[in-house]
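Residue 347 in the numbering used here sits at position 18 of the sequence shown; the count goes up by one each step and never skips.
Listed next, with one range per pair, are the computed distances between beta-carbon atoms: (1) Tyr341 with Ile398: 15 to 21 Å; (2) Pro349 with Pro384: 39 to 45 Å; (3) Pro384 with Tyr341: 34 to 40 Å; (4) Val351 with Pro372: 27 to 33 Å.
These are calculated hints, taken from the structure and not from any lab test. Since this is a predicted model, take the numbers as computed values, not measurements. Cβ atoms here follow ideal geometry from the backbone N, Cα and C, with glycine treated the same way.
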Amino acid sequence: MKSLSHSKLARYLPFLTWLPRVNRRTLRDDIIAGLTGTIISLPQGVAFAIIAGMPPIYGLYSAMVMPIITA
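Whole structure, please, built from the sequences with the hints as guidance.
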């Protein structure tokens, strides 16, 4: 019965299936991947903000937040 309820939860919260496998090393690797993505996307975010007629700081915000969230 417990596995049935766990599978229902995992359908809506997929991180429950991989969260138990996270350790110090994989967390460090995920953080490095997020920061690398951020550094790579900074110029693109600033350029898109300027093209959209917005201050460049909005491009910095978008470039820094999204890769960290998606990593």
